[in-house]
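Engineer: All chains, please: the whole structure from these sequences, using the hints.
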Amino acid sequence: MGKRLRFTRFMQGAAIAAVGALALAGCSGQGGAESAGGEFTGEYDGPEVTLQYWNGFTGGDGPFMQQMVDDFMAEHDNIKIESTTQDWADFYQKLPAAVTAGEGPDVGVMHLDQLSTMAARNVIVPVDDLAEELDLSADDFTEEVWDAGVYQDARYGIPLDVHSLAMYYNTDHFAAAGITEPPTDEASFQEALDKLTAAGFQTPFWMPALWPGHLMELSLIWQGGGEPYSEDGSEATFDSEEGVAGLTWMRSMVDEGYSPSDVAIDAQYIAFKNGETSITWDGIWQINDLTESGLPFAAAPVPAIGGEAAVWANSHNFFLPRQAQADANKANAAKVFIAWMSENSAEWAGAGMIPARESVRDAALEGTVQQPIADQIDTMRFLPAVPGLGPVQAETLEVAVADGVLGKASPEEALTREADRATKLMEENLEKFGG
Amino acid sequence: MSTPTRVGASVTEAPTAAPDGSAPRRAGVSPTRPKPFTPWLFLLPYLALFTVFVIVPSVFGLWISLHEWDYTLPNKPFVGGENYAELFDPNSVNSGSFWTSMRATGIFTLFSVPLLLVLPLLVALLMNKSFPGRNFFRAVYFAPYVLGVAVVGLLWRYLLDNNIGLVNYYLGLFGLPDDTAWTTSVPAAWVALVGVTVWWTLGFNAVIYLAALQDIPGELYEAASVDGANAWQKFRNVTLPGLRPILTFVTINTLIASANMFGQSYIITQGAPGRETRTAIYQIAETGLRNFQMGDAAAMSYVLTFFLMIISVVVFWLFREKKEKPVADESATAQSGGIR
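Line order of the protein sequences matches chains A and B.
All residue numbers for the first sequence refer to my numbering, where the first residue is 1 and numbers rise by one.
All residue numbers for the second sequence refer to my numbering, where the first residue is 1 and numbers rise by one.
If you're looking for bench data, these hints aren't it; they were derived computationally from the structure.
Accuracy of the hints is not assured; some may be wrong.
[Said to hold, decoys possible] Capping the alpha-carbon separation at 27 Å, the derived lysine-lysine pairs in DSS-like fashion look like this:
hint: 1; chain 1: A; residue 1: 94; chain 2: B; residue 2: 76
hint: 2; chain 1: A; residue 1: 432; chain 2: B; residue 2: 76
hint: 3; chain 1: A; residue 1: 424; chain 2: B; residue 2: 76
[Said to hold, decoys possible] Quick list of the computed label-pair ranges, beta carbon to beta carbon:
hint: 4; chain 1: B; residue 1: 92; chain 2: A; residue 2: 252; range: 32 to 40 Å
hint: 5; chain 1: B; residue 1: 118; chain 2: A; residue 2: 178; range: 18 to 26 Å
hint: 6; chain 1: B; residue 1: 72; chain 2: A; residue 2: 187; range: 47 to 55 Å
By construction, the Cβ of each residue, glycine as well, lies at the ideal position given by its N, Cα and C atoms.
Structural biologist: Structure representation (structure tokens):
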């Protein structure tokens, strides 16, 4: 039912878009390939337009996004938003194809680490003028998030939120084991594990071989003071001392019996939801899912196992796609949409996310589950803006982490082998995108 | 396949009909004689689809495989046979993972095809007997086949999970080892993938076998009984020869389906452990659709196709070996046209 509904809506949208394209074919303004639309004035008072809006909020975050879209439409009579929501993995495969074929959306949201790739593929266009017009600057955002949206001196994304890995723990288990404060470093984490084991929770911390294992490893590398990739995108360095130390620690959780061996996809999360394990590290976007399950839980920042506090994070960013038919009205309406969503991103905190804008953040997060994590926003680390890095990481680091955690290869061996592969792939990418 | 033959036959008949006609039309041309383009007209609807969706893409794919091809980038440099050469160069990025995936496909095919040839035959033999509830059981065995690969994959991924899955739980209840890592270790993952695939697609082959069994004339069995043949002899000398034409089809079809395995390992094991259960198609999809290395992916596809062609030729050769029965041979040829 839901699927069919969405499909019809999609068809309607496509029909409207097609009619619009026909009507405008004669008088289409010169948008230029560099930036979408003409001069952005901050307001849209042109004729009624319908915008295709693509995103990947398929989980508990979906309803909150729809609510924001509905609120936006209630305030803007002349702008209609047609949302198309699909799995992120599909999203990143389809978007380049759709835009290349001239069937892409008018506005959308993607992850920060995808911006440079999509920019290099000429799928999205710079939004510098929008940032300027909105008076957006690094002051209102965490520097890391803000800077990571820039590729080759142009800004491609307007951050909506940041979301990181968090440590979830079962509050009943912690109470039973007599742990009063969530652990913050290796010593206290170890102590917590021992107390939990002593209290009868045999396997308190299941170590996943697949998702989100590589995000844990990335966090551990940063905590140790290392970098997984060189800033210029020429080399993978996750086989460094810090990388090996991180993966060795992950595997030690299995060897020392805090985790069962061979934890398969999602098993650690389901076990946590069922109260079979006491601690799990996962994304803060799972908060609503956990709340709904009725589990007594709380969230805390990922403990600094490797030394200093650091955690993997990512960010949802609004982008403007390159459109075959440059339509100044649509481009301006899309900018109005982005501006409004950015200003009203408080609602988005309900989806378990951390609003990117400081001016919105504090009030929005008051009393939420993710508040303790948001307090540590300065420790969040982002992957460098290197085109094509995402797939390279999936092909290499994820495999190395899986092999290391499963004990199929020593951490050092797995990381060295895959880092070599990653470096080769990155060199190929540099050549491909560099020219 | 048979249409052109019939057309040919009426062409030879046409001249004999011509002398009867005294009308001033050209001698030797019957008014009902098919025009030369008639067979092409009959073929046209399918030919059009075949051209657009098979011939053009395969030729275009060959062209892509000669380039460093990323469709989102304007620059698609021609590299000649480099993509192919890289696959055979052990130092290149793609060759290692590609041949691991080819090996994975080989392992899967090796174990799944014999099972998918024998088990469905046993099921079909059972379902060919008459007993109460036969239709019910026929439906039960076919039922999993109607499920999509995503449903089957997700279902078994959770059932087979070594820590929270039901399979290990029940094994434990029966006092069997309950810590087998079905989805994260080999060879257990292969047992799981082959098992799931057999469970899933067994019904399809069984239905084809069943149809073929019902085509074997009852008189042959009667004659065999009169000759004093026992059940095994009847199976050996009546049933199996009767199934021969269909066996070629089932074998090739199962081989190709197994060699194209993708969804099961994509969903159930995600290629784990490491890349070991990542099949060739899986690797091709990752390379081409996720990494946008379409030239490399196309080259991989052609290498895979090459192997599949060799295997198909071998299978045809095996099934054509005995030539004493021209009838069976002819049917086998007819099947070859139907495989596409």
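Engineer: Next step is simple, just say for each hint if it's right about the structure.
Structural biologist: Hint-by-hint comparison with the structure:
1. A:94 to B:76: 20 Å, holds
2. A:432 to B:76: 9 Å, holds
3. A:424 to B:76: Measuring from Cα to Cα gives roughly 19 Å; hence the hint holds.
4. B:92 to A:252: 32 to 40 Å: 35 Å, holds
5. B:118 to A:178: 18 to 26 Å: With Cβ atoms ~60 Å apart, the hint is violated.
6. B:72 to A:187: 47 to 55 Å: The hinted range 47 to 55 Å holds for residue 72 of chain B and residue 187 of chain A, with Cβ atoms some 49 Å apart.
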